[in-house]
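With the hints as constraints, model all of the structure from the sequences given.
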Amino acid sequence: MRSKKWFALVATALLALTVVLAACGGGDDDGGGGGGASSTGEGGKKGGKLTVLNVGDFEYADPGAAYYQFDYMVHYATQRPLYYYRPDQTTQPPTPDLAKGPWKISNGGKRITIELKRGVKFSPPVNREVKAADVKYALERAFTENVPNGYVSTYMGDITGAPEEPGKYQEIDGIKAVDDYTLQLDLDEPTAAVTAAAFVLPASAAVPKEYAEKFDKKSPSEYAENQIATGPYMLKNNSSGKVSGIGWIPERSITLVRNPNWDGKTDFRPAYADSIEIREGAEAVSGARKILRGKGMITGDLTVPGEVVKEASQRFKDQLELPPSGGFRYVSLNATKPPFDDINVRKATIAGLDRTALRQARGGPAIGDVATHFIPPEFPGFQEAGGKAGTGVDFLAKETGDPAVSAKYFKAAGMAGGKYEGPNKKITLVCDDEDPGKKVCLVAQEQLSKLGFEPDTRFVPHDQMLGKYCGVPKNEPNVCPNTGWFKDFYDPQTLLDATFNPAQVLPENNSNYSQIKDPKLEEAFTKAEQLTEVNARNRAFADIDKMVTALAPAAPYVWDNQANVRSKDVNGVINQFNSVWDLTFTSLK
Amino acid sequence: MTTSVTELLEEGGTQQLDTATAPSGEIAARSPLELFWRRLRDDKVALASLGVIVFLALVAICAPLVVELMGAPKPNVQNSKALDEFGSAAGPNAHNILGTDDVGRDVFSRVVYGARASLTVAILATAIAMAIGVVIGLSAGYYRGWADSLLSRGLDVILGFPVLLFAIGVGFACNTPQGCLGGALKPGISTVVFVIVIPTFPYFARIVRGQVLSLREREFVEAARSLGASDRRIMFREILPNLVAPLIVYGTLIIPANILFEASLSFLGVGIKEPNPSWGAMLSDAAPIFDTAWWFMFFPGLALVVTVLAFNLLGDGLQDALNPRAGR
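Protein chains in written order, with this note's numbering: chain Y, 1 to 589; chain G, 1001 to 1328.
Worth flagging that the hints you see were computed from the coordinates, not collected in a lab. One thing to keep in mind: the hints can contain errors.
DSS-like, lysine-lysine: derived pairs with alpha carbons at most 30 Å apart [said to hold, decoys possible]: (1) G:Lys-1074 / Y:Lys-425; (2) Y:Lys-398 / G:Lys-1074; (3) G:Lys-1081 / Y:Lys-337.
Here it is in structure tokens:
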């Protein structure tokens, strides 16, 4: 018996030692070398399979509904909106894509006319040439309840006849296919400049009505599972057009193959890779490391955690890109229900948060400056809103938080003790279940506890966090710590309208998480949207940034740079507009 | 004095009987408890394991005091200044003797408080499973017939469950603020205990049933029945005391399995809720960054190994001490 026990002890010790040695063992390949990413994507090598490592799945696979960075990464490879941006482009106007040339604005800013290119075709099984009527249908379907688009009401809501609320499909009088290749839009308000600028978004990509309408009658639309492409790639499908289970296996993989009907002569995209495989379910740290040490891989929606940013910046410099995202990350407070329906409680909470700790959870100074308001650096309106110094509000003055200011606002809310003492201590948080979102959430949770709250936190996959909870007002928790917003195009309205305009609260795919109602703010948005001169728009939206900041809907904590990594043998090209790798310009060496 | 222990001792022959010679010269037999303790005392490994378990239990019970005496921060306190500029975990240092995790929380503190979660869940789940298993096993073994058939088939069905999948499914299903089963199961300890109890109690039931099938035919049961004792009295007053020894041994062996089960559930994200410390959750968070923050995985892993090993060795020792023939 004794020998048996000693054997067990020795065996256990040996086993533990083996595990430790196995985990410690293994050499690391040093990365680097081989040249950096080309910013313009010229001169890439054709062929090969590109692999994208992803944490999650589409938030919306339907290009008419897509409003998320990863969705864009795929849709801009398979769809051709009216306009798009070349990889190194950071200013307006965008590059014509499906459109033949720049848009024409007339009738005092109330009419937009766009001519389409000839020879652009739909992928199989539709196969025919794209016509203006297809773009008309694409825009109309985005206003329906079966296609939960999050931005058409913001940017295209002034089109004559556009529904005020999502509903059944109807033709919109203000969108006309004048002939096969000419699209004309009439607006009720002179907001043509911003409406036209919004045609870089994937809702303007053509959709064949005769093929799609049977899917669009379902609730929600099943077009996503049967989608057609116009871009250089398409989701792999069967002969009837079905992609679900073939080119898109939800939560597992997305496979892009070349669109046989794509004509490179009509496009500025080179489309080097023969195929692109997106593997979902990756873990952030191990996935990023695998890319750095592996072959043929790039990051998709995988946010590179701080540990790997550190490692990459020290050992794999050439394989790391940190483009500015043109956006901000913030901790949203739901102002529709207690305790954050009280502006003093919101201000107190924001003042009490250590925003450098929140930023550190994502990777520290390498990933950007601590935000003091919403419009980010180098973006139109940034300096006018106060620049890095901020808008002047005291509750955002100190990056590490200001307990005295926090206590002041709690007292103003009737809590003499300087912390939250009200009846609504229990607050709900819904967070990402993957790093770095999870780390940010843990930091936020702890800081909220210190302020007197009792956080009850749920960790869910990212697409659920937005698609089921934070982006659906009736399910929204008190706090969403993992929210972020990036430009829709290079205009400050795109940073502030969908996120803070009181008129832009949607039942689904909502991006105005705080849902603050303020008539003066709403009026300011209405006036600013109608301005056409660039500097006037920048000043007007800078003023809106100041107003929004003063209303304390959220705690902005970083104007972030988006970390992207690639394997050594990948000639990665970042698209500055989307701040991720451009699948149509990236190639294998 | 339990019949089974006495019989064991008697059947072991004179070798089992230990005697002491009193000053008057009379020979006095040692009691079964004395014999048990003597055997256990001779087993140095089992004693050491018992010592470790007692130490762990004290640490778990006195976790706040231990942390304070060691000058460590509380387990949920995040010290962002301890991290480097990239937010990477800090290694062992003067302020954090076992280092920090990747949000600046003290690993030592979390390992100590994690002992509470592990031991509480494992012991509580084992105790509840034992209670349920004993009742079912007693009933099945004593009454036999259709009751035995029904209960035994029910146990077989439960034993056929894919345990981990069941645990993950329940964990996710109850991961809402309202919980499930009318709020009886909320995310956290209640759900974890539930998913551990369900696949565990059938094992106790089967062991008890097997023992009862044999014990119910013994003379002392016949005697009790002939004196007019009710079935319930016979089961709980006559038969059950004879099951204490095997239940203790088996319970001691089940506890470490349940500790590992809880750790596995927390590792998979369906166990103890953040920010409450749990060894399994710590291992899960530490796994991706093991090569740059080895302490974050090593210390909770070491605590888990030591705890599980101690219980296993103690269980082994108890079995030897209570049933010395089994080792031959």
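Keeping to a limit of 30 Å between CA atoms, is the pair of G:Lys-1081 and Y:Lys-337 held or broken?
34 Å, violated
Check whether the Cα positions of G:Lys-1074 and Y:Lys-425 lie no farther apart than 30 Å.
22 Å, holds
Sort out whether G:Lys-1074 lies within 30 Å of Y:Lys-398, counting only the CA atoms.
26 Å, holds
Hint compliance for this structure: hint 3 alone is broken.
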